[in-house]
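Asker: One line per chain: the protein sequences are B and R, in this order.
At position 23 of the first sequence (counting the first as 1) the number is 23 in this note's numbering, and the numbers step up by one without a gap.
Remember, this note's numbering sits 346 above the position in the second sequence when you count from 1.
If you're looking for bench data, these hints aren't it; they were derived computationally from the structure.
A hint or two may mislead.
[As the list claims (entries may be wrong)] To spell it out: a stretch of chain B is covered by chain R in this simulated footprint if at least three of its residues, at any positions, have a beta carbon under 8 Å from a beta carbon of chain R; those stretches are: (1) 8 to 17; (2) 155 to 169; (3) 185 to 193.
From a predicted model like this one, the values you see are computed outputs, not experimental measurements.
Idealized CB from N, CA, C, for every residue including glycine.
Here's the letter readout for the chains.
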Amino acid sequence: MNLKQSLFIAIALSIICLLSWEIYWRSQGKIPDLDDDKNLWAVQRAKVDNATENDAVLLGSSRVLFDFQLDEWQAETGVRPIQLASAGASPLPIFHDIVNNTNYKGTILVGVTPGLFFSTTYPEASPWKRAQSRVDYFKDRTYAQRLNHWLSLPLQKNFVLVSTSEEGWSDDIDLKSLLNNISISNRTGKPQYPPFNSFAYIEEDRNNPMSEKTATDTVFANSIKTVWKFLIMGNQNPPEREATTNFFLADAKKFMERGGNLILVRCPSSGWIKGGEDKFLSREEFWEPLVNASKAKAYYFEDYDQFKNLICPEDSHLSAKDARFFTTELVRIMKADGALSNSKTN
Amino acid sequence: MLFNSLSFIVFLVIVLALYYSKLFNWTGKKRMLLFASYVFYGLWNPPLVILLWISTGVDWITGKKLSTEENQKKRKLWLLLSMCVNLGFLGFFKYGNFLLENFTHLMNSIGVEYQAQPMDIILPMGISFYTFQTMSYTIDMYLKRTERAKTFLDFALYVTFFPQLVAGPIVRAGDLISQFYEEKRATINQFIWGTFLLTIGLFQKVVLADTLLSDTSDQVFGAKGVLSGLDAWTGTLAFSGQIFFDFAGYSTCAIGIALMLGIILPDNFRYPYAAIGFSDLWRRWHISLSTWLRDYLYIPLGGNKHGVLRMYVALMVTMLLGGLWHGAAWTFVIWGALHGIYLVIERLLRNKIQIKINAINGIFLALLTYTLVNFTWVFFRAREFSTAKNMITSMLFMNGDGEKLLQSFDILKVFVLITLLFICHWVMRNTSMEEVSKKTSPWVLGIVWAVMFFLIAIAQGSGEQFIYFQF
Numbered sequence: 001m002n003l004k005q006s007l008f009i010a011i012a013l014s015i016i017c018l019l020s021w022e023i024y025w026r027s028q029g030k031i032p033d034l035d036d037d038k039n040l041w042a043v044q045r046a047k048v049d050n051a052t053e054n055d056a057v058l059l060g061s062s063r064v065l066f067d068f069q070l071d072e073w074q075a076e077t078g079v080r081p082i083q084l085a086s087a088g089a090s091p092l093p094i095f096h097d098i099v100n101n102t103n104y105k106g107t108i109l110v111g112v113t114p115g116l117f118f119s120t121t122y123p124e125a126s127p128w129k130r131a132q133s134r135v136d137y138f139k140d141r142t143y144a145q146r147l148n149h150w151l152s153l154p155l156q157k158n159f160v161l162v163s164t165s166e167e168g169w170s171d172d173i174d175l176k177s178l179l180n181n182i183s184i185s186n187r188t189g190k191p192q193y194p195p196f197n198s199f200a201y202i203e204e205d206r207n208n209p210m211s212e213k214t215a216t217d218t219v220f221a222n223s224i225k226t227v228w229k230f231l232i233m234g235n236q237n238p239p240e241r242e243a244t245t246n247f248f249l250a251d252a253k254k255f256m257e258r259g260g261n262l263i264l265v266r267c268p269s270s271g272w273i274k275g276g277e278d279k280f281l282s283r284e285e286f287w288e289p290l291v292n293a294s295k296a297k298a299y300y301f302e303d304y305d306q307f308k309n310l311i312c313p314e315d316s317h318l319s320a321k322d323a324r325f326f327t328t329e330l331v332r333i334m335k336a337d338g339a340l341s342n343s344k345t346n
Numbered sequence: 347m348l349f350n351s352l353s354f355i356v357f358l359v360i361v362l363a364l365y366y367s368k369l370f371n372w373t374g375k376k377r378m379l380l381f382a383s384y385v386f387y388g389l390w391n392p393p394l395v396i397l398l399w400i401s402t403g404v405d406w407i408t409g410k411k412l413s414t415e416e417n418q419k420k421r422k423l424w425l426l427l428s429m430c431v432n433l434g435f436l437g438f439f440k441y442g443n444f445l446l447e448n449f450t451h452l453m454n455s456i457g458v459e460y461q462a463q464p465m466d467i468i469l470p471m472g473i474s475f476y477t478f479q480t481m482s483y484t485i486d487m488y489l490k491r492t493e494r495a496k497t498f499l500d501f502a503l504y505v506t507f508f509p510q511l512v513a514g515p516i517v518r519a520g521d522l523i524s525q526f527y528e529e530k531r532a533t534i535n536q537f538i539w540g541t542f543l544l545t546i547g548l549f550q551k552v553v554l555a556d557t558l559l560s561d562t563s564d565q566v567f568g569a570k571g572v573l574s575g576l577d578a579w580t581g582t583l584a585f586s587g588q589i590f591f592d593f594a595g596y597s598t599c600a601i602g603i604a605l606m607l608g609i610i611l612p613d614n615f616r617y618p619y620a621a622i623g624f625s626d627l628w629r630r631w632h633i634s635l636s637t638w639l640r641d642y643l644y645i646p647l648g649g650n651k652h653g654v655l656r657m658y659v660a661l662m663v664t665m666l667l668g669g670l671w672h673g674a675a676w677t678f679v680i681w682g683a684l685h686g687i688y689l690v691i692e693r694l695l696r697n698k699i700q701i702k703i704n705a706i707n708g709i710f711l712a713l714l715t716y717t718l719v720n721f722t723w724v725f726f727r728a729r730e731f732s733t734a735k736n737m738i739t740s741m742l743f744m745n746g747d748g749e750k751l752l753q754s755f756d757i758l759k760v761f762v763l764i765t766l767l768f769i770c771h772w773v774m775r776n777t778s779m780e781e782v783s784k785k786t787s788p789w790v791l792g793i794v795w796a797v798m799f800f801l802i803a804i805a806q807g808s809g810e811q812f813i814y815f816q817f
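Please take these sequences and the hints and turn them into a complete structure.
Answerer: Put into structure tokens, the structure is as follows:
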């Protein structure tokens with residue numbers, strides 16, 4: 001047994017294989033990308049514990065994540081907001097956590113995506129569980145997990161081959177995802193989940209612009225629309241308007257009573273999704289009662305001429321360019337209303 | 347800290363650099379290893395290091411007293427103190443809620459209205475492992491089977507040595523403490539072999555257990571309905587592979603890391619799925635636990651020295667407690683009971699039927715053993731009895747119209763992998779990895795090594811916790 005020789009062979013071959021793998025995926029259009037996982041979220045959540053009255057926290061679902069661009073917000077207000085919106089999740093558990101487990105009394109902007117905001121208060125339901133699991137992880141994460149995340153960031157930023165995601169996108173390139181894409185027959189006879197590819201690039205502070213491909217490649221954008229249809233048509237659970245509204249109102253009251261500035265925002269949607277939202281989760285039945293009862297400052301995109309014609313490439317989120325415009329304009333509107341202040345000038 | 351994490355790689359590099367630097371003498375190196383072991387444990391939950399300190403302190407004092415005390419009564423009292431502290435910790439942290447739940451059930455069943463709030467107790471990682479390890483020292487001291495550790499540092503390092511702290515192998519004092527008395531350095535070959543073992547261990551954990559098998563097992567055991575026989579078997583086989591690769595992977599990593607430091611840890615697995623019969627299985631599966639249970643439970647209960655009936659009782663009690671050691675739930679007790687029953691039946695049959703094992707009947711008997719083991723895994727993995735019942739009936743093909751849950755590729759993947767696992771165990775059952783490696787060309791070994799490393803790198807995973815940490 002010549003172990004030294006084996007070791008040298010192993011090192012040389014490993015380097016060759018890993019380099020080839022990296023080059024291959026880059027040639028397929030992959031670029032190094034961070035994973036919007038619970039660790040990335042927890043780092044931002046930790047900032048709320050030390051945030052001041054001048055700070056702003058963004059909560060909501062993926063629309064807040066895509067539609068609010070942090071650079072533009074910062075340029076307008078002088079403050080870089082803390083992005084805590086969580087894709088596919090209800091904002092209620094995270095708002096509840098901040099209201100009840102911190103003394104924060106700055107600005108909280110809550111995005112109201114009707115299908116998720118009013119979905120449920122049942123702890124085991126996906127929209128709730130996705131958000132709550134991040135809150136729980138933030139509370140329970142170990143020092144080893146923090147260290148792992150900190151060490152993984154430079155790797156994620158520089159190498160495609162370590163790219164993976166907690167979400168489990170169809171175009172992930174880790175071994176498990178590649179194997180999951182193999183199908184030899186539909187044995188269960190159940191409808192198959194359509195391919196759901198990642199359509200944004202997230203940054204370390206969770207600034208999350210939509211990818212250029214989604215904005216410009218109609219076929220690709222349509223593949224995302226197919227997923228929305230699959231998810232929405234497959235959801236048999238009716239919205240829990242009263243339960244969700246009441247749950248939110250209790251926290252909203254507590255937050256505003258301690259001096260917090262609460263803002264509700266309905267971000268743009270278009271096409272088939274907007275049609276469904278207008279019909280089944282209408283403004284009059286869902287948004288208006290929430291706004292009236294909460295007494296929070298509220299902004300509905302259709303109330304503003306500059307937002308009326310914004311088109312979401314995949315019906316639910318703004319392109320990076322439109323998101324920058326939306327953020328700048330909406331922040332200006334909010335400042336004009338006194339809903340937001342400019343801490344620079346203050 | 348997990349072996350399959352970036353922080354551990356950094357940690358290990360720092361430890362190795364300090365260990366092989368000329369900064370410290372041997373005592374300094376041991377202190378560094380002890381400190382590193384506390385960091386290794388504390389990065390998970392710092393306050394729980396205190397439990398390690400208490401356990402170490404109590405058993406060090408007990409060992410010291412037992413080495414000089416001749417009065418039998420006092421010796422017993424010292425042993426009792428150590429048992430109470432160690433088993434008290436284990437009882438409180440691991441079985442507190444379980445005992446409370448069962449007490450509540452008992453009260454309610456006899457008509458006494460009693461409700462108790464579950465206690466919010468964290469299960470300290472690896473408590474069962476280090477408790478059993480430190481108890482073995484005290485018991486051996488009491489029975490005068492081992493020498494007292496020469497220094498507190500040696501003893502503390504024995505209790506806390508990071509490669510095997512949280513999931514074994516459970517090492518006896520005689521096998522480990524004495525290695526700390528003289529300076530240890532791995533030879534070049536030992537160091538490289540240790541690195542190779544670490545790679546194999548990580549490959550087993552990250553690629554085979556987490557990437558290829560865990561999802562199928564989780565999907566099947568998480569199903570609410572009754573499954574078809576094929577799905578139930580696939581899920582159970584996937585779990586049998588997952589738990590082997592997970593646990594054997596950890597042990598292999600631990601042995602490899604220790605070897606990189608020049609410390610030799612005993613084998614914990616010897617190709618268990620090629621076992622012929624259950625006595626053979628327990629000589630191959632989690633060897634350090636099965637020998638611990640044999641030496642400190644089965645033999646003190648009478649072993650095979652006091653008649654057949656007493657032997658069977660001792661066997662059953664040992665396996666029931668062995669089951670409970672794995673987790674505070676009745677499903678684990680049933681798992682232990684099934685193994686106990688298998689062992690009893692095997693001994694009964696062995697008295698009546700003599701079989702000369704050859705290649706053909708051997709592989710059949712190994713397959714039979716493995717099949718029966720799979721029925722026990724159902725109870726080990728299922729969180730509720732209703733799940734276990736559904737799974738067992740499906741595996742016996744008594745649910746003809748059970749739900750088809752898995753896709754064809756998942757089934758194919760599991761069956762191919764488990765078949766390879768079984769063949770590999772059968773081929774390797776009378777040899778060792780080291781022996782095979784000696785006969786293998788350096789090129790082939792290098793290529794295999796590179797493939798494993800490459801697959802680990804592209805599988806990476808999220809650092810799923812090793813299953814046995816919870817025990």
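Asker: Given as covered by chain R, does the segment 155 to 169 of chain B meet the bar of three residues or more with CB within less than 8 Å?
Answerer: holds (count 5)
Asker: Establish whether the coverage given for the segment 185 to 193 of chain B by chain R is satisfied; the threshold is a Cβ-Cβ distance below 8 Å, and no fewer than three residues must meet it.
Answerer: holds (count 5)
Asker: Checking C-beta pairs, does the segment 8 to 17 of chain B have three or more residues closer than 8 Å to chain R?
Answerer: holds (count 8)
Taken one by one, the earlier hints all hold for this structure without exception.
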